[in-house]
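**Q** So the protein sequences, as listed, match chains A and B.
Following the working numbering, the numbering of the first sequence begins with 9 at its first residue and continues without gaps.
Following the working numbering, the numbering of the second sequence begins with 319 at its first residue and continues without gaps.
Rather than coming from a laboratory, the hints here were simulated on the basis of the structure.
Each residue gets a CB set at the ideal place from its N, CA and C atoms; glycine is no exception.
One thing to keep in mind: the hints can contain errors.
Claimed, not checked - Derived DEER-like restraints, expressed as beta-carbon distance ranges:
hint : chain 1 : residue 1 : chain 2 : residue 2 : range
1    : B       : Ala-591   : A       : Ala-278   : 55 to 65 Å
2    : B       : Asp-441   : A       : Ala-93    : 43 to 53 Å
3    : A       : Leu-269   : B       : Gly-391   : 22 to 32 Å
4    : A       : Ala-278   : B       : Gly-658   : 46 to 56 Å
Letter by letter, the chains look like this.
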Amino acid sequence: MEIFEAIILSVLAASTPLLIAATGELVTERSGVLNLGVEGMMIVGAACGFGGAWLTGSTIVGAICGIVAGTLLSLIFALMTLGLAVNQVATGLALTILGVGLSGLIGAGFVGERITPAPHLYIPGLTDIPLFGHILFGEDPFVYLSLALVVGVFLFLYRTKAGLVLRAAGDNHVSAHALGYPVLRIRLLAVMFGGACAGLAGAYLPLAYTPFFIPGMTAGRGWIALALVVFASWLPGRLLIGAYLFGAVTILQLHAQGLGLGIPSQFMTALPYLATVIVLVLISRARAGGSTAPAALGTVFVPDR
Amino acid sequence: MRKILIAATAVVIAAGASLFGASAADKLKVGFIYLGPVGDFGWTYQHELGRQAVVKEFGDKVETTYLENVSEGPDAERSIEQLVRAGNKLIFTTSFGYMDPTLKVAKKYPNVHFEHATGFKHDKNMGIYNGRFYEGRYIQGLIAGKMSKAGVLGYIASFPIPEVIMGINATMIAAQSVNPNIKVKIIWVNTWFDPGKEADAAKALLDQGADVIMQHTDSPAAMQIASERGKLAFGQDSEMIKFGPKTQLTSIMDNWAPYYIDRVKAELDGKWATDDVWGGLKSKMVVMAPYTNMPDDVKKMAQDAEAAIIAGKLHPFKCPVVDQSGKTVECKGGDHLDDGQILGMNFYVKGIDDKIPGK
C-alpha cells in the first residue's frame, strides 16, 4: 500500500468518530441546547456497543446498542434541562461524569475481550485501483455513514421546513413558541439525535477503530467534538472540513515524527485546539463582535401556560 | 428542654460513632491512587493486582481503598488528602506526576506514611519505589535487533522524561549490539493512555517501514494493530499476548505485589521507615513475559541476557556509553553509569537519528 493512501485511510478513520459526534451536537446546539455531556454519552456508547457486538458477534447489533445507550443517556439530560429547566452546562458536565462511571460499570465484564472489527467494503476491481481505490471503495461502513449523516443534516437544516423550525427554536425560542411551535418537543428530539450520534461515535471506537473495550477509551474525543462544532461555526459544511482537518493534523504529526522532521510533538498535539481559538477570533472579528452561535444557545426555556 | 434533648442525642451518636470508629481502627487502612482505570490492562492494572495481593495476604487485618482515573495535577493533591481524611495510614501514589502533590500532603500529615512510585523526591514519611524497566528494555532491544527484517524498529513513546528516554536508549544499545545498522523511528504521543492515538501511531510506524513495534504507553492497541498487519510487537506493563497471540515477542511486566505486601507488613509491625527502592529483574519487581514467536536461538539469547542481568554480570548501560554527538558519557558507576545518571537521562545514545522533543 502506498504511504499516501495509508495516511489518508488513517485520517478518515481518526476523523469519523469526531464527525459523527459533532454532527449530533451541532443539531442539538442549533435547537438552542448546549449539551456538554458528549464525552459521557460517547463512552457509554463505546461500552454498550462493544458489549452488544461481543455478545452477538454482530457489528450492526453493536452499533444499535451504542445508539440506544447514547439516546437513553441524552434522555436523562433532556429530563433535567428541558423538563425541570436545570442549568444546561452543569447538567452536561454531570452527564459526562456519570457516563464515565457508568461505562466502567457496564464494561467491567468484558475488559480484555476482543471482537472482530467491522469489515471494510471490498468491491473487486474498484477497491484495487491504485492510489485511491481503498480510500473511495475500501472503508468501513461507519465512514460512509458519517458522510451520509452530514449531508442529511445539511439537507434537513436548510432544505426542510422542520429544519427551519428547529433553527428558529434555537435562535429565538420565545418567538418560535409564540408562533405555536412546540419548542420543548423540538429540543427533546434534537437532544435525542445528539445522544444517538454520540453513542454511535463512541461505539465506532471499539467496533472499528481499536477492537477492544477499555474504560476511558474515548480519551477526550467528546470534548474535541464540542470544539469542532464551535470551530465549524455551527455549519455542517464547515464541520466536515473541520473534522477531517482535526484528523489530518493528528495523523500527520505522527508521520512527521516518524520521519524525524524535528517539529516538537507537543506543539503539533496542541495545534487543533490552537486552530479552534484562532477560528473563533476570526469569526467574531469578521462579524464585528457578533457571534454565529444560535442566539438562544444554552438558555433555559419555560413556556408560559 | 428540646435543645438539651437534641444535644444529648448528638453526644450519644458521637459516642457511638467513636466506638465504631475504634473497632474499625483495628484494621490498617491502606489507600491507592491510580492514574488510569483499573481495567486498562497496563500500568494501573498491575498496581491493582498488587493491591489485590495485599488483600489476599492480610485478609481482615487491612482495609484497602483505591481511587482510579486521578489526573496528575491539582486533582491528585485533593484525592490524596481525601484518603488521609478517610483514615488511611499508608498511601501508595502510583504515577510520576503525583510526586509533588504527595510530598505536599506528606509534609502536612507527618503521621501518615506515603509511598510514591517512579519519582525521586522523598521525606521522613514518604518512601519511593520504582522498577528498573530499562533492564527489560535491553532484552527487548536484543530480540528486536534479531527479529526485525527491515532493520527498522517503531517506538511509541509517551512523554520525554528520563524514564522513557532511558528505555529508548537501553533498547537501542542492545539492538545495535546484535545489528549495528538497526534504525529506530520514535513517535511521541504525549499521553500515557489513548488507545486510538496509540493505534494511529502504530499504523504510522508500520506504514513508514518499521516491522517491530514497541511502546511506552499503556493500552494494547498497538499490539492489536501489529497483529492485524502480521508484524511483531512487545507488550507493555502487563501480559498482552491475548491481543496478539502470533505477535507478542515478550512483555515487560511490572510486579508490585511483593513490594506492597512487604511494606504493608512493615506498617502492621510498626516497623515502616522511609525507603528508596529501585528493583529490577533480580528482585522480581520487573518480570519478563514468556519469550514467544521467535526462533530458539533468539529465545536463548534473551534468556541468557536475563540470567546475566540477574547475576549482575551484564548492565544495560555498561561503559562506555556514547551519546548522539559521539561524546563518551562520563562513567560514574565504575564500569557502568550510576543510578543518578540513569534516573536523570536526557540524551539519546549514538545510533538514534532523532531529537528529543523540546531539547
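**Q** Which of the listed hints are broken here?
**A** 1, 4
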